[in-house]
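Those protein sequence lines, which keep their order, are chains R and W. Residue 176 in our numbering sits at position 175 of the first sequence; the count goes up by one each step and never skips. Residue 24 in our numbering sits at position 14 of the second sequence; the count goes up by one each step and never skips.
Calculated from the structure, these hints are not laboratory results. Only a predicted model underlies this, so the values are computations on that prediction, with no experimental measurement involved. Take the hints with a grain of salt, since some may be wrong.
Cross-link-like lysine-lysine pairs, in silico, DSSO-like; alpha carbons within 30 Å at most [to be verified]:
| hint | chain 1 | residue 1 | chain 2 | residue 2 |
| --- | --- | --- | --- | --- |
| 1 | W | Lys23 | R | Lys191 |
| 2 | R | Lys42 | W | Lys23 |
| 3 | W | Lys176 | W | Lys138 |
| 4 | W | Lys138 | W | Lys164 |
| 5 | W | Lys39 | W | Lys176 |
| 6 | W | Lys89 | W | Lys164 |
| 7 | R | Lys192 | R | Lys56 |
| 8 | R | Lys56 | W | Lys23 |
| 9 | R | Lys191 | R | Lys42 |
| 10 | W | Lys136 | W | Lys164 |
| 11 | R | Lys56 | W | Lys39 |
| 12 | W | Lys136 | W | Lys39 |
| 13 | W | Lys117 | W | Lys23 |
| 14 | W | Lys23 | R | Lys192 |
Here are a few chain R residues that face chain W, going by a calculated C-beta distance under 10 Å [said to hold, decoys possible]:
| hint | residue |
| --- | --- |
| 15 | Thr16 |
| 16 | Val20 |
| 17 | Val155 |
Glycine included, each C-beta is placed from N, C-alpha and C at the ideal position.
Listed here are the chains, written in short residue letters.
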Amino acid sequence: MNTPFYKYGAFGDETSLVVAFVIGIGFGFFLERAGFGSARKLVSQFYLNDLAVFKVMFTAIVTAMLGATYLAWMGVLDLSLVYLTPTVLWPQLVGGLVLGIGFVIGGYCPGTSVASVATGRLDGLAFVLGLPVGTLLFAEAFPWIRGFYENGSVGVQTLPGVFDLPYGLVVFAVVLMALGGFAGASWIEKKFQPR
Amino acid sequence: MRHWMSSLTLNQKLAALAFVLGVVAVFAKPTGGGAVTIDPNDLARIVETEVDHVDPLDLADWIMAGRADYRLVDLRDEKAFGEYHIPGAQRLLITDLPDAGLPRNEKIVLYSDGGIHSAQAWFLLKAKGYTGVYMLLGGLDAWRDEVLFPTLAKNPTPYQQQRNEKLTAIARHFGGQPRSGAADTEAAPQIAAMPKLELPAGVAAPAGAAKKKKKEGC
C-alpha cells in the first residue's frame, strides 16, 4: 500500500471530490463536537477562560504529525509527495492578522462558521454569506494587490529545513511544545476563570 | 504499577503516549527521495490500463480552464521548441530530466513529437520514484491533428454538430484551424505551418509561474 492515495492514482479527480466530501463531513462533525459551532465557546479563548480551541487544534496537529511521521517511517507514506503550502512571508503575516481580527470580532473562523450554520446559527450564516463576497472583492482587487501578494515568496519551507535539524528531533520538539502548551493552558484557564 | 496507571486521567495517558511516540520519533528516518523500489508488475499494470495517458483534448481543456495543478514538459530540442510548443510547456531535454529537480508532488505531463521519447522519459522518471507522471497521448503529432487542425465530421448529426463546434472553438483558441470532412483523405492539404506562438491572452502563462492557490486551513 502506498500513500498519498490520490498521488499514487488510487482514485481519480471525480472520486477525489467524494473523498473530500466525506473527510469534510468528518471534519465538520468533530469541530461541532468540540463545541466549535458556538461563537461563545470560540471567543472564550480570547478571554483566556477556555482554551479548548488551542488544545483541540494543537492535539490535531500533533496527532497528524505523529501519524505522518510513523507512516513515512514504515514506508507507507511518501512525504515528498505531500502538498506543502509555499511560504509568502508578508501577505501571510497580514492575512493571518486579518483572520485573527475577524475571529475576535465575529467569533468564527471559516471552518467553524460553516459548522455553526449546520447547527442553525444565524451569526454563522452571516459569516458564510460574507465568504463569497470577500472572495469576490479579493478577486476584483487582485490586479492592484498582485505585487504585495507575491512579496516575500520564499517557496516551500519546513522547520527541519529552516533550522537544519534532523526531522525526528523537530517532531519531538513539537510534541514537547504541545505538552507544555496543554499544561500551560490548563493553568491559565484556572487563573482566568470568571468568578 | 497498575494502581499508578489507573490513577491517570485519559488526557494524561494520551499525553504520555504522545511523549513516548515523540521520543521514538527522534530516531525516525522519513522516506522520500531515497531508496526507490520499482515493481515491474505495477508498471505493467499502469501501462496496460493506460491511466498514464493524457488525451490531447483533455490537455486543451485544462489549459483553457487555466488549471495550474500540473507541469507540462516539452522534451524536444531548443529549435523545435522555439518554433512551436504547447502553451505553458517548459523545455527539458531527456538528458537533463533526472537532475532537473522536478517536484515530486506534482502531476507531470510529458510530450515529444511522437510518443517514444515521452514514453522513455516516463520510465526514467518512474525509476526515479516519481509517481504522477503522464504522457500526452500521441505527442505533439496528436496535438496537431486533434486540437490544432481537427477533422470535422461531414454531414454531421446534431451530436456531431455539437462536437464540431466544440472542436472549432478549441482549435481557434490555440490558433489552429479545423479541417472539414473525409473528402480530403486523398490529397490532404499539407498541414500549414504550426500556428505562431502569439497566443490568445491568458493561455501562455507558464505552469508554475502563477500557481493557483490551494484552499486549506481551518
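Q.
Flag every earlier hint the structure violates by its number, smallest first.
A. Going through the list in order, the structure violates hints 3, 4, 5, 6, 10, 13, 15, 16, 17 and respects the others.
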